[in-house]
Every structure is written in C-alpha cells, then in structure tokens.
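Each protein sequence line maps, in turn, to chains Z and E.
If you read the first sequence in this note's numbering, its first letter stands for residue 2, the second for the next number, and so on.
If you read the second sequence in this note's numbering, its first letter stands for residue 4, the second for the next number, and so on.
Worth flagging that the hints you see were computed from the coordinates, not collected in a lab.
Treat the hints with care, as some may be off.
[Said to hold, decoys possible] The list that follows gives simulated cross-link-like pairs (lysine to aspartate or glutamate, EDC-like), each with its CA atoms no further than 20 angstroms apart:
| hint | chain 1 | residue 1 | chain 2 | residue 2 |
| --- | --- | --- | --- | --- |
| 1 | Z | Lys212 | E | Asp123 |
| 2 | Z | Lys157 | E | Glu195 |
| 3 | Z | Lys157 | E | Glu61 |
| 4 | Z | Lys212 | E | Glu195 |
| 5 | Z | Lys65 | Z | Glu179 |
| 6 | Z | Lys157 | E | Asp123 |
| 7 | Z | Lys324 | Z | Glu313 |
| 8 | Z | Lys212 | Z | Glu174 |
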Amino acid sequence: MAEADIVAALRAFLPGDCVLSREEERRPYECDALTAFRQLPGVVVLPRTEQQLQQVLLTCSRLKVPVVARGAGTGLSGGSTPHARGVLLSCARMNRILEIDAHARIARLEPGVPNLRVSEAAAAHGLYYAPDPSSQVACSIGGNVAENSGGVHCLKYGLTVHNVLGVRGYTMEGEPLELGGRAPDGPGLDLLALAIGSEGLLMIVAEVTVKLIARPPCAQLVMASFADVHSAGNAVAAVIAGGIIPAALEMMDRKATAAVEPFAHAGYDLSAAAILLIEADGTPEEVADQVREIEQVLRSAGASTLRVSGSEAERLRWWSGRKNAFPAAGRLSPDYYCMDGTIPRRHVGEVLQAIERMEARYALRCMNVFHAGDGNLHPVILFDANDHDSWERAERFGAEILELCVQLGGTITGEHGVGVEKLNSMCVQFSPAERAAFAAVKEAFDPAGLLNPGKVIPTLARCAEYGRMRVHHGALAHADLPRF
Amino acid sequence: MAATADAVLAELRERVSAAHRTRQALRLRGCGTKDFYGESLAGEVLDLRAHQGIVDYEPSELVITARCGTPLSEIEAALAAHGQFLAFEPPAFGADPSIGGVIAAGLSGPRRAYAGAARDFVLGTRLLTANGELLRFGGQVMKNVAGFDVSRLLCGSLGILGVITEISLKVLPRPRAEQSLRLELPAAAAVESFNRWSALGVPISGAAWWQGSAWVRLSGAPPAVRAARERIGGEAIDAASAQTWWDALRHCQLPLFDSRVIWRVSVPGAAPPLGLPAAPLIDWGGALRWYADPAEDADVRAMACAAGGTALCWRGAAPAGRFHPLPPVLARLHRRLKERFDPHGIFNPGRLLAGL
C-alpha cells in the first residue's frame, strides 16, 4: 500500500487538520521522551472524536497498515516509536474529561487527558487521582494505561492497574471493546489487567474510568541522611518491617543530590552517601504519629541526621529536588539515559555498589534516584549522544544493570515499559516459551499483528543475536544466570 | 523438602503432558472447597494439594511466595506471626482452601472495596502449561511491567489456561487500630452514607448492610480511627463480636447463605436499590449485593444490567449459565486465548465459560 493511498483513505473521513503528511509536520512525532530511538512515521492522525478513531482503525485494518498509538509522547522506552510505513495515532486531541462523579468517586476520561488535570478537576470535591508519574503535568491517562505508570506514591496507593476501573476502546479491527467498569469483578477472565500495561499492542483505548480518592488533609516529609548506602537500604527495610506503609519512600545517592542541589536548592545534605525522603499523609494526628514512628526507626537504623518538614513550602522544596533529578542530569551532561529496574528491597546496597563498579568499567557516570519503597531503581547514566561510542557504552551499561536486577530476582522494567528499548533485556528475563505466551496473547487480540508491531516481544532471532553479542563483548556479564 | 517439591512438580508435569498428548480433560483441584463454583466440573481430577509449602517469605519485602497446594491457614498463620495479612480477605467455604484455589477463583472478602481485590495483590505466578512447560510471569517485586500482566490474568481464570503452581502475593501490615460500628439505617441510606464517608476520606475497611443494620469497619492509625468513629457515630462493637460478624460475612456464613437460590450481584458502588422485592445483603460499600430466593419471575440479570452491573448465580439453577453472559467480542477473545494456551482444551473444560 503506497503512502499516498493511505493518506487519501484517511483524508476521506478526517478533517484536513487531523492528518499530518508533510515531512516537517511528521518530524515532531519521530520519537517519545527516549530520543535515542527515532523513526519518521508514514503519516500522523489526530482524531478528535471516538468515531474518527474507530474509522482510523477500520481503515488501517482494511489496508493492513500498522498503527502506533501515542499519548503525550513522554514515554521513556520508545513504546510509541513510529512505524516507517504506519499510521501514528495521536490521542492528544481526545482530551476531554467526560464526567466526574464525586459521590461515586470516579472520573471518566478521554485518553488524551493529562494525568494532573484529573486531580485538578477533582480537587473541588476534595478528591484526586493517586498515580503521579513525575511527568504528570504532561503525560496522558491513555499513556498511563498503556504503560501501567507508577510514580512516587505507589507503595501506598498502587499503580495505574490498581486505580483504573475500566477502559472502553477498540480492537485493531475497529470492533468496540469494554473491559472492567464501575461494577467490580465482572464475569470471565480479567482482560482489563492484561490491557493495562500492554503498551499499545492489544487495543486502542478511547475512554478510561478511574478511581478517585479523598485527598489526605495533611502531609509531612522526613529527610534522613546516611553515611553509606547499605545502611540507607537497611533503613528502608526497617521502616517496612516496622509495619509502616509511608505515602512515599524515596532514596537519592550522593551523586544525585550533588547534581540537583545547585539548581533546585532543596537543602539536601551533600555530605551524606544517601538520603531518604519519607512522606506520611493523613489527618494531622495520624501524620504526627507516623512521623514519630518513622523517626524512631530511622534513628535506630543509623541515620546521621533527621529533619522533618516544618511547613508545606519546605516539604515541596525537598520534593522539588527529587522531582527535578532528571532535568538536573541534563545540566551535568549533554544526554542522560534513565534506567528502570526493580529489585527486592533487601538488595539495594548491593546493586548501588555494583553500579559504582560498572561506572569505572564503562567510563561513564551514573547517579541514582530510587523509589526505594517499591524497590524500583532509576539509575541515570550520563553520556554524550554526539559521541557514538559513548551511547553504545551507555546502552551496554544500562543492559548490564537490568541483567543484575533479573539475577537478583527483580525485573527489567518497573514502570517505564519495554517499548523498543528493552527488547534485548526481555530475552534475558523470559524464556522462549514465556515469550511465546506473550505472543499468543498478542495474537488473540490482534491476529493481523498491526498494533504497535515490533515492540515489547522480541523475536527468537533477535534473542539469538543478542545472546551471541553478549558473549562477543568478552566475558558473559553474569555467567551464573540461567541460559536459554 | 525442595527435592520433594521438585519431584511432585515433575509428576504434575508428566500428568499434564500425558493428558495433553491423549487429550484427556483434567479437573484441577486443590482442597475442593469451591467445587460448587463455576459452570461445570469435568475431567479426571488432578489433585494439587501435594505441591505445597511456603517458598519464601520476607516480611520487610511485603511478599510471600507459596506453592499452589499450600493451605490458606498456613499462609495466614505465617503472616500473622509478623503482624501481616492478606488484605483482600479471601473467603473460605467450610474447610481450608489452598492458595492456588484462592487465586484461581479470584474471590475477595469485605475489604475488597477498600484495600483491593485478589488480583490487586498478585505479583507473580508460575504456570504449568498444557505442553508441560513451566512459565514464570511477574515476580516478587512490587512493580513489574515487563511483558503482559499474565499473572493477574490467571487470577480468577478458574484454571482454564493452565495450572498455577506457585504464587507471589503482596501482603500488608495489619492495621494498628480497628473499630467496628453498627448503625440502624435503611439500605439506601446506608449505601449513600458509605459512599459519602469514603469521599470524605474516612478510613473504612469494610461497609456492609444486613437486615436494617449498617456495619462499618474502620482501620488505620489509632487517631484516624478515633476521629472517624466520632464522625460516624453509631454503636461501637466490641472486637470479638466484630470479628464474628466480619468473618461470617467474609466466608459467606450468614443465614442468607442457607437459602436454596442465591444471586451475587455486582453493581457500581453508589447504585440505588435494585428493583427486586427481597432485601439484599450488601457488602463492599454497596458494590456487592446478595439476593436470596428471588421471586420465580424476577429477572435478576436484567435488574443487574439495568443498574450497570452483572449477576452471578451463586446457588440454584441458573438460566443460561451461572456466570453473567459475556458480550460476543469478549467471548471471542476468551476463545482465542484458550485456544492458544490450551489448544486441546484439557484444563477445566467448561468451568469458566460453557464450551471452553
């Protein structure tokens, strides 16, 4: 199918400004927030209505044209990297809040609604939407569903999968599909759980129903310094073992605090090897109680200094450093590469020390910010994209961190998704039979294989090639890993 | 112990592979406490009780991993020793169920509306497939988005996709304080109140209504529970009586469950009373409504649909199947998944969906 024919077929029912076909119009869509992977899409469509969206799918299905959905383009794994001969389906213009029912505590949203806007709209009722990825100003709810996005408050409030009640949308063939809904535990298999985090491979979402919860009236942040990363890691385990589920539990190592402090002026202790940020929320009495408990545990766990936010301004200032960690990395280095492995919490110290050794080996710096409560690491590798060798080293450095996560019983991605970025790492985490099961799920939803092809599930050939390459680069990274 | 477990697993693999080769239907069974649940029972029993034992439990990780045949009571005792629990409060019917059965059925107790459902706590599974392969999905970590979330898909699958041989679950610390209250309220006012209190951030962990009384369980930090108790009012129930009530509700032991015909209706939590003459038992803050012995001509399914929900025939003869019928597009997806995971249809044929 020639590109001109696809464009003509789409223009037949879409208004002129909803189809972008000139190269300079398509250029902004060539990558998501992981800019190392770029591909100019065949054509970009921006439907405004659900009917238009369905029509796009019917047309593409008929013409056998691949479709890649895109929300706000803030993804960090190349999940919405376009297909050269495909349609890039942007949901950005389907951005209406369809309903907020304060009594039932739900919101019904089009996929392009930015995450933060949901909470802003619900604020008048004292409610909010809990998952808060750091890109929440921009990232869309449809993208959150595709990636099963997290944020800093997951330990207590859950991920997207715990906060979405239902989705309505279309199969690749343009057939309407409704999964979950306001009534809990419907009949049959839990296909909603499958759709959430499916990275645009199974269906296109046209409407999302989310759960809203009451905003806690009060929050306070405890900041603790530790002389070494091991004691910081142990302190995290001690908090959890003490029966405390804080609203947030974050760690930053010295490289991260040093990077953000000159620019965020958060007031971090730069002499500490690692700091913990632990948030308590609830009623003022509840928060006071929990802060006392947290302080006690941290003191026995060897915190060298402890501070409790004395005002809302101070709490937000302490958070600003954490939330600006990635932009800060951008000031230190021309480019940075953010990883997203998850490990059992008890291995935090070990992993951070292993990363330090890798820094020397790959001759690249790496700072660590970390959703410590969830065991979700975000090592940020600093490199220079203009130096191809530097990018290659960064990529290998990242892959080695992820392999270590798998080896320790963790996973290659906690919340950013596989996309195209972690296709090789999927070969490490999953056996051929497991990958075949993923492919079977994909086929059940999209037999023609037109939705976001080439993402998430690596081919056998790719994994074989990756296996050879890893050996080629000298000693196998983790010789004791089970091989396939 | 490990060697024994490996041997048991090897034997299970052998049985499944043989069944796959000979196209022999298998009826996956743990302790058999939920034989009543599902569309139909068919096939040769594959007893999974021998594959049992807690594999790993690290309280500071908030994760427990156990083999499918592990009794629920063993898991709950291990957790209780560290002040933790399964927050979805899985129901047990009469005897002690296996954890594999708990997850395969995917049923949750009174805390479901507030803490989450069984599937919300599933972190990872091992699946024995029809061709005898052992697959691992998810893991023992809180956050994991590598590949599709097959583990959660298996929760509530009633074994139709394969044998869940091992499960990792997120666990939570027991709330520091708990207080149950009883208020005399009509059903509609109770449901309205449950919703209103939740919107105000009252730390509810159970909200039910039965025979003129609303029951509210508050859980959390002591000051929060105290404040909520003052706000809601009603009669404070002593801990032992409260435990008796919530356990009876959780395990379906209230007198209503002696009825001949029972419907389990799931609706949006704030839905007004359904147009059925009998008064229901209401759980999950309004989202779950049990009806006993409805009038012969009452169309419970139509009523549930009208309220935006679905109806499951829990006991008694069910017109057109026990579970609420699936829309055609969903039924087709079920068939396609089943065909790919279990091409010869050996696992629990017809249990989740007739003909599947």
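Results of checking the hints against the structure:
1. Taken as a hint, the Lys212 of chain Z and Asp123 of chain E pair is honoured in the structure, with Cα atoms around 14 angstroms apart against an allowance of 20 angstroms.
2. Between Lys157 of chain Z and Glu195 of chain E, the direct Cα distance comes to roughly 26 angstroms. Violation of the 20 angstroms bound is thereby established for this hinted pair.
3. The suggested pairing of Lys157 of chain Z with Glu61 of chain E holds, with an alpha-carbon distance near 18 angstroms, which does not exceed 20 angstroms.
4. This hinted pair checks out: Lys212 of chain Z and Glu195 of chain E have alpha carbons roughly 17 angstroms apart, not beyond 20 angstroms.
5. Our distance criterion of 20 angstroms between C-alpha atoms is broken by Lys65 of chain Z and Glu179 of chain Z, whose separation comes to about 24 angstroms.
6. For a cut-off of 20 angstroms, the pair hint linking Lys157 of chain Z to Asp123 of chain E stands: about 13 angstroms separates their Cα positions.
7. Only pairs whose Cα atoms come within 20 angstroms are accepted, and Lys324 of chain Z paired with Glu313 of chain Z is accepted, the gap being roughly 16 angstroms.
8. The straight-line distance between the Cα atoms of Lys212 of chain Z and Glu174 of chain Z is roughly 29 angstroms, outside the 20 angstroms bound, and the hint therefore fails.
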